[in-house]
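Engineer: Chains Z and V, in that order, are what the protein sequence lines are. Numbering of the first sequence is given in the working numbering, commencing with residue 28 and proceeding in unit increments. Numbering of the second sequence is given in the working numbering, commencing with residue 3 and proceeding in unit increments.
Just to be clear, a hint being listed does not mean it is correct.
Label-pair restraints from in silico Cβ distances [claimed, not checked]: (1) P111/Z <-> E113/V: 32 to 42 Å; (2) V36/V <-> E51/Z: 36 to 46 Å; (3) G116/V <-> S148/Z: 26 to 36 Å; (4) N276/V <-> G86/Z: 54 to 64 Å; (5) E203/V <-> S191/Z: 23 to 33 Å; (6) E51/Z <-> E37/V: 32 to 42 Å; (7) A85/Z <-> T71/V: 41 to 51 Å; (8) Q112/Z <-> D166/V: 14 to 24 Å; (9) I175/Z <-> A246/V: 17 to 27 Å; (10) G64/Z <-> E95/V: 35 to 45 Å; (11) E286/V <-> G86/Z: 24 to 34 Å.
Below, computed lysine-lysine pairings styled on PhoX-like, alpha-carbon distance capped at 20 Å [said to hold, decoys possible]: (12) K104/V <-> K70/V; (13) K183/Z <-> K14/V; (14) K199/Z <-> K108/V; (15) K198/Z <-> K70/V; (16) K199/Z <-> K14/V; (17) K204/Z <-> K104/V; (18) K282/V <-> K183/Z; (19) K183/Z <-> K242/V; (20) K201/Z <-> K108/V; (21) K282/V <-> K188/Z; (22) K70/V <-> K199/Z.
Since the hints were derived computationally from the structure, they do not count as laboratory data. Because the structure is a prediction, the values reported are computed rather than measured. For every residue, glycine included, the Cβ atom is placed at its ideal position computed from N, Cα and C.
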Amino acid sequence: MERVLYVDETNLFLEEVCAIPGGEKVRLCIQCGACAGSCPTASIMDHTPRQIFAMVRAGQKEEVLSSNAIWFCVSCYKCTVRCPQGIRQTDIMYALKRLSIRYKKYGKNIHEPALSKAFISVVNKYGRNFEPEFLLKFFLKTNPFRLIKYMPFGLKLLSRKRFSLFPGRIKKRKEFKIVIDKALELGEYR
Amino acid sequence: MKFSYYPGCSLKGVSNNYEQSLYAISKALDIELVELDDWNCCGATSYMSINELLSHVLCSRNLAIAEKTGLDLIAACPACYVCVNKANIYMTEDELLRNSIKGILKSAGLEYHGTVRVRHFLDVLVKDIGEDVLSNLLKNSLNGIKVACYYGCQVVRPWCDFDDQEMPIKLDELIKILGGEPVKFPLKTSCCGGALLTTQENVALKLSYKLLKCAVDNGAEIIITTCPMCQINLEGYQRKINRAFGSSFDMPVIYFTQMIGYALGVSIGELAINRNFNYKRIIERMHV
Numbered sequence: 028m029e030r031v032l033y034v035d036e037t038n039l040f041l042e043e044v045c046a047i048p049g050g051e052k053v054r055l056c057i058q059c060g061a062c063a064g065s066c067p068t069a070s071i072m073d074h075t076p077r078q079i080f081a082m083v084r085a086g087q088k089e090e091v092l093s094s095n096a097i098w099f100c101v102s103c104y105k106c107t108v109r110c111p112q113g114i115r116q117t118d119i120m121y122a123l124k125r126l127s128i129r130y131k132k133y134g135k136n137i138h139e140p141a142l143s144k145a146f147i148s149v150v151n152k153y154g155r156n157f158e159p160e161f162l163l164k165f166f167l168k169t170n171p172f173r174l175i176k177y178m179p180f181g182l183k184l185l186s187r188k189r190f191s192l193f194p195g196r197i198k199k200r201k202e203f204k205i206v207i208d209k210a211l212e213l214g215e216y217r
Numbered sequence: 003m004k005f006s007y008y009p010g011c012s013l014k015g016v017s018n019n020y021e022q023s024l025y026a027i028s029k030a031l032d033i034e035l036v037e038l039d040d041w042n043c044c045g046a047t048s049y050m051s052i053n054e055l056l057s058h059v060l061c062s063r064n065l066a067i068a069e070k071t072g073l074d075l076i077a078a079c080p081a082c083y084v085c086v087n088k089a090n091i092y093m094t095e096d097e098l099l100r101n102s103i104k105g106i107l108k109s110a111g112l113e114y115h116g117t118v119r120v121r122h123f124l125d126v127l128v129k130d131i132g133e134d135v136l137s138n139l140l141k142n143s144l145n146g147i148k149v150a151c152y153y154g155c156q157v158v159r160p161w162c163d164f165d166d167q168e169m170p171i172k173l174d175e176l177i178k179i180l181g182g183e184p185v186k187f188p189l190k191t192s193c194c195g196g197a198l199l200t201t202q203e204n205v206a207l208k209l210s211y212k213l214l215k216c217a218v219d220n221g222a223e224i225i226i227t228t229c230p231m232c233q234i235n236l237e238g239y240q241r242k243i244n245r246a247f248g249s250s251f252d253m254p255v256i257y258f259t260q261m262i263g264y265a266l267g268v269s270i271g272e273l274a275i276n277r278n279f280n281y282k283r284i285i286e287r288m289h290v
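The task is simple: from the sequences and hints, build the whole structure.
Structural biologist: Put into structure tokens, the structure is as follows:
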């Protein structure tokens, strides 16, 4: 009799997370909690990093990708250097951010995707970040009122000559565009 | 000593005082910094949150340009340092990624063979310059000023090989040599809130508050940082933090290059200290 392999969502979600360089190691998690104990924002996460990694392995795609935890990761890499199993946890959090955006699972009060998109649109255009345009784009998309609240701070920086009103651009913009377009063609992963 | 220098966007924008002091102190230490020709943004945390390959590709373009110079690549912004290092290391480790990136670079006439060494400026001070040279060049003693050396997260994690990843001491030691008094600062590599300050303000303000409180409780008169994000969060948002937590912090926050530069006899103007927010308090505390 032919054996039928049972493939479910569980495996597929885990495979997606494992697809990044070093991602396979998430399978080695021993649930010691060193990550949760190290995390500066664990106290305000709905699930601690330790729980998130258990949930990833259990295939709880919906719960993981809609969790606020992945957005509160500040990339401080403390969990990554402490993990006794060598799991690059910050990288896994980035992978979860990307999946949450791809499947549109993040909550209404999560503004990081809008921030990232605003940043990327500015950098793709100039090759470098131009802070005023980046923040303008972000606030218009999320909360235009905060633009007004930011004004005094912006003026203070301006009075200290700490930003320019004109964007810095790279010279070889054609070369830069080819590189970006080619990468986008290949998709998100290796 | 000659290095290829990758400024990154912050050092050309809100942290241009960091860049100016970096050049000034390099001159005093006889370090030649050659700005990386036509460098582009490292992608920071944003590209990595949307598209992993694109993030690595941005950094690889910089690496390809740097490789032609044959020099070590120096970053001063820890976010740039981590991003470019990450692309560099993962390309070495992962054949699939390496081949994808090589193909993409090739289509724009670029190539990268993985030979660039990416370093942070603090690494250069610690390893290439060293305590002896610094103490020989000391002109203005820091006069026992109590300094909280705030390394931040990314200068030491995940790849620092010049100091401890959780409790680094090298910057403390340099400050001590120059006559300052580094205070105990257990949160020296804790996060300031980073980019969350723009998206989740309450969360980030709390983290910055803890840092300022830790510095004050340990008697610090000034905080020095190695990171543009830490500097702007701790200096620029101090009033907001005071309003939110009922505190009354009045803590100057400057770059480590500004403090070391002062000790080496570089003028306050050349170090662009007048571009910091609480300029007067800095001058007062540093007994200039």
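Engineer: If a hint holds in the structure, say so; if it does not, say that too.
Structural biologist: Checked hints:
The hinted range of 32 to 42 Å is satisfied by P111/Z and E113/V, whose Cβ atoms lie roughly 39 Å apart. Taking 36 to 46 Å as the suggested C-beta distance range, the pair V36/V and E51/Z conforms, at roughly 40 Å. For G116/V and S148/Z, the hinted distance range of 26 to 36 Å is satisfied, since their beta carbons lie about 31 Å from each other. At roughly 57 Å, the beta carbons of N276/V and G86/Z sit within the given window of 54 to 64 Å.
Distance hint check for E203/V and S191/Z: the Cβ-Cβ separation is about 25 Å, which falls inside the suggested range of 23 to 33 Å. The supplied range of 32 to 42 Å is met by E51/Z and E37/V, whose beta-carbon atoms lie about 39 Å from each other. Taking 41 to 51 Å as the suggested C-beta distance range, the pair A85/Z and T71/V conforms, at roughly 49 Å. Hint check: Q112/Z to D166/V, Cβ distance near 21 Å, so the stated range 14 to 24 Å holds.
Taken as a hint, the range 17 to 27 Å holds for the pair I175/Z and A246/V, whose Cβ atoms sit roughly 19 Å apart. A hinted range of 35 to 45 Å is violated for the C-beta pair G64/Z and E95/V, which are about 28 Å apart. Evaluation of the 24 to 34 Å hint for E286/V and G86/Z yields a failure: the beta carbon distance comes to about 59 Å. For a cut-off of 20 Å, the pair hint linking K104/V to K70/V stands: about 15 Å separates their Cα positions.
Proximity of K183/Z to K14/V is assessed by CA-CA distance (about 17 Å); at most 20 Å being required, the pair is judged to hold. Annotation: proposed proximity of K199/Z to K108/V holds, straight-line Cα distance about 15 Å (limit 20 Å). In summary, the hint linking K198/Z to K70/V is supported, as the alpha carbons are separated by about 17 Å, within the 20 Å threshold. Between K199/Z and K14/V, the direct Cα distance comes to roughly 18 Å. Compliance with the 20 Å bound is thereby established for this hinted pair.
Note on K204/Z and K104/V: the hinted pairing holds, with a Cα-Cα distance of about 16 Å set against a maximum of 20 Å. Distance restraint check for K282/V and K183/Z: the Cα-Cα separation of roughly 15 Å lies within the 20 Å cut-off, and the hinted pair is therefore satisfied. As the CA atoms of K183/Z and K242/V are separated by approximately 14 Å, the hinted pair is consistent with the 20 Å bound. Among the hinted pairs, K201/Z with K108/V is consistent with the structure: their alpha-carbon atoms are about 14 Å apart, no more than 20 Å.
The suggested pairing of K282/V with K188/Z holds, with an alpha-carbon distance near 17 Å, which does not exceed 20 Å. With a C-alpha separation of about 16 Å, the suggested pair K70/V and K199/Z falls inside the 20 Å cut-off, and the hint holds.
Consistency note: the structure conflicts with the earlier hints numbered 10, 11.
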